[in-house]
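Chains as they are written, first to last, in our numbering: chain A, 1 to 142; chain U, 1 to 229.
Treat each hint with caution, since some may be false.
With a Cα cut of at most 30 angstroms, we get these calculated DSS-like pairs of lysine-lysine [to be verified]:
| id | chain 1 | residue 1 | chain 2 | residue 2 |
| --- | --- | --- | --- | --- |
| 1 | U | Lys2 | U | Lys19 |
| 2 | A | Lys9 | U | Lys27 |
| 3 | A | Lys70 | U | Lys135 |
| 4 | A | Lys26 | U | Lys182 |
| 5 | U | Lys116 | U | Lys135 |
| 6 | U | Lys182 | A | Lys84 |
| 7 | U | Lys194 | A | Lys52 |
| 8 | U | Lys182 | U | Lys117 |
| 9 | A | Lys108 | U | Lys194 |
| 10 | A | Lys106 | A | Lys84 |
| 11 | U | Lys75 | U | Lys117 |
| 12 | U | Lys221 | U | Lys92 |
| 13 | U | Lys27 | U | Lys135 |
| 14 | U | Lys75 | U | Lys116 |
| 15 | U | Lys38 | U | Lys92 |
| 16 | U | Lys19 | U | Lys92 |
| 17 | U | Lys194 | A | Lys106 |
| 18 | U | Lys182 | A | Lys135 |
| 19 | U | Lys27 | U | Lys2 |
| 20 | U | Lys89 | U | Lys158 |
| 21 | U | Lys38 | A | Lys70 |
| 22 | A | Lys108 | U | Lys182 |
| 23 | U | Lys135 | U | Lys158 |
| 24 | A | Lys26 | U | Lys135 |
| 25 | U | Lys194 | A | Lys26 |
| 26 | U | Lys92 | U | Lys117 |
| 27 | A | Lys52 | A | Lys106 |
| 28 | U | Lys182 | U | Lys135 |
| 29 | U | Lys158 | A | Lys26 |
| 30 | U | Lys38 | U | Lys158 |
| 31 | U | Lys182 | U | Lys89 |
| 32 | U | Lys2 | U | Lys135 |
| 33 | A | Lys84 | U | Lys194 |
| 34 | U | Lys38 | U | Lys116 |
| 35 | U | Lys117 | U | Lys2 |
The following residues of chain U were derived to be distant from chain A, with all beta-carbon distances above 12 angstroms [what the hints assert, rightly or not]:
| id | residue |
| --- | --- |
| 36 | Ser17 |
| 37 | Gly41 |
| 38 | Glu162 |
| 39 | Leu167 |
| 40 | Glu175 |
FYI, nobody ran anything at the bench for these hints, they're computed from the structure. In this text, a Cβ means the ideal position worked out from N, Cα and C, and glycines have one as well.
Okay, here's what each chain looks like letter by letter:
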Amino acid sequence: MERTLEDEKANVVNWFASAPLGLDPKEAPNRELYQLAIYWLAKVYMRADWAKIARSKNVYRDDVFEHRVKAALSQPNIRRINDKLCEMLGLQSVAIPSGVLDELEKNKGTLLRSMRREAIYFTLKATELAGAMFKDKMWVRI
Amino acid sequence: MKIMYNESAPLSTLVCSAKGLDLEPGKHEGTCAICGTKGSGMLHASTRETFTASEFLHDTRLFCPCCNYMYNENKFRFTGWVVSPGYYKVLKHGEILNALFTTPLPFALYSTTTGKKQGWVRMAHSINYSRAYLKIGWDMVAIHASDATLRQHAVVAKFMQEHEIPLRVVLAAGELPPNLLKRIPPADQLPLLKHVQHHARDLAWEWVLMFWPRELNFEIKGELPWNVH
């Protein structure tokens, strides 16, 4: 049986239900936005060739990815950030489900403000989600 | 002359009275360079060449007998100490936070990491009479914080220690690297990261992390300063 994008979406929602984000009452309305951003970063993380980038140990992958994300976040909008991140990870492009980047672009202000401050947290969650997606085989090649 | 302490007296008088010293007064008349008390019985201030904290002294060449005694005894700069009326104790590195939370008022607390600076010179009038506004000496730095904020920092530091996060790394970096953030339960990761980033380069926070003991030797109760939803 072939997996579809809807299966992947359902699995990601289940994963977020099992690992809650610790948000203030003030930030609680942005929960879905943050989850979408983490999903986007996880897709980029999965696509990169980590054997090529960080050869020595698994441990350093998170640090490398965090640093690349931090550097890419200096760009003004989401698509430019995505392009820059791909460039720095040695990718031409990443196939991300349609509508995700548009949805993020709408709420760019609140998202980027928190991502630039707490990039460590977003990248950590993204790497955890990517690991879960690899392990349970819930990702789909578009 | 037996040294007696009253509430208007400076730190050096408190220390000498707590140790029960008999000090001989000098012949000069004027103001003390360290604590600024005026009167007779002052001694000539013979400072060493290596003394570099002259910027904190008054513009005179006299010491009162108590300040003269403290200046010439090296043990006041080698270790931390706590003093209150009738009580003086030399503190090791791990005992300083314990002394802060358990010593009854009034008291004065000096802590050091270098063991070389004569930082108590700055503390001439920093005896604590209220827990709402504490003054603590840390080498040449003075820390001003309330007891409540220090306790809150202590609760967070205890939480990090329970999850095996090395506090010196947090102190040096001002944030938590991803490898260490993984050790925290997921609901508390983001608020803890925010707390650490917000208080980076805050002197009271750095002081608590710096002098945190390897094994807890005092009781600290309280909830973490965040609500998670």
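Right, here's what the structure says about each hint:
1. Lys2/U with Lys19/U: Given pair Lys2/U, Lys19/U holds - Cα atoms ~11 angstroms apart, limit 30 angstroms.
2. Lys9/A with Lys27/U: violated, 88 angstroms
3. Lys70/A with Lys135/U: violated, 39 angstroms
4. Lys26/A with Lys182/U: holds, 24 angstroms
5. Lys116/U with Lys135/U: Status holds; Cα separation ~20 angstroms.
6. Lys182/U with Lys84/A: At roughly 27 angstroms apart (the allowed maximum being 30 angstroms), Lys84/A and Lys182/U satisfy the hint.
7. Lys194/U with Lys52/A: violated, 33 angstroms
8. Lys182/U with Lys117/U: violated, 39 angstroms
9. Lys108/A with Lys194/U: holds, 21 angstroms
10. Lys106/A with Lys84/A: Holds, at roughly 19 angstroms.
11. Lys75/U with Lys117/U: Roughly 11 angstroms between the alpha carbons, so the hint for Lys75/U and Lys117/U holds.
12. Lys221/U with Lys92/U: Roughly 23 angstroms between the alpha carbons, so the hint for Lys221/U and Lys92/U holds.
13. Lys27/U with Lys135/U: violated, 34 angstroms
14. Lys75/U with Lys116/U: holds, 10 angstroms
15. Lys38/U with Lys92/U: violated, 35 angstroms
16. Lys19/U with Lys92/U: holds, 19 angstroms
17. Lys194/U with Lys106/A: Roughly 25 angstroms separates the two Cα atoms, so the pair holds.
18. Lys182/U with Lys135/A: holds, 18 angstroms
19. Lys27/U with Lys2/U: holds, 17 angstroms
20. Lys89/U with Lys158/U: holds, 25 angstroms
21. Lys38/U with Lys70/A: Since the Cα atoms of Lys38/U and Lys70/A sit roughly 59 angstroms apart, the hinted pair is violated (cutoff 30 angstroms).
22. Lys108/A with Lys182/U: Between Lys108/A and Lys182/U the Cα gap is close to 27 angstroms, so the pair holds against 30 angstroms.
23. Lys135/U with Lys158/U: It holds: about 23 angstroms lies between the C-alpha atoms, which stays within 30 angstroms.
24. Lys26/A with Lys135/U: Violated, at about 34 angstroms.
25. Lys194/U with Lys26/A: holds, 14 angstroms
26. Lys92/U with Lys117/U: Measuring from Cα to Cα gives roughly 16 angstroms; hence the hint holds.
27. Lys52/A with Lys106/A: Status violated; Cα separation ~34 angstroms.
28. Lys182/U with Lys135/U: Since the Cα atoms of Lys182/U and Lys135/U sit roughly 36 angstroms apart, the hinted pair is violated (cutoff 30 angstroms).
29. Lys158/U with Lys26/A: holds, 26 angstroms
30. Lys38/U with Lys158/U: violated, 46 angstroms
31. Lys182/U with Lys89/U: Given pair Lys182/U, Lys89/U is violated - Cα atoms ~41 angstroms apart, limit 30 angstroms.
32. Lys2/U with Lys135/U: holds, 28 angstroms
33. Lys84/A with Lys194/U: holds, 26 angstroms
34. Lys38/U with Lys116/U: It holds: about 29 angstroms lies between the C-alpha atoms, which stays within 30 angstroms.
35. Lys117/U with Lys2/U: holds, 29 angstroms
36. Ser17: holds, 50 angstroms
37. Gly41: Answer for Gly41/U: holds, closest chain A Cβ roughly 59 angstroms.
38. Glu162: Since the minimum Cβ distance to chain A is about 17 angstroms, Glu162/U lies beyond 12 angstroms and the statement holds.
39. Leu167: Given a closest Cβ separation of 18 angstroms, the condition holds.
40. Glu175: With a cut-off of 12 angstroms, Glu175/U comes too close to chain A, as the shortest Cβ separation is near 7 angstroms.
The structure fails to meet hints 2, 3, 7, 8, 13, 15, 21, 24, 27, 28, 30, 31, 40 from the earlier list, while all remaining hints are met.
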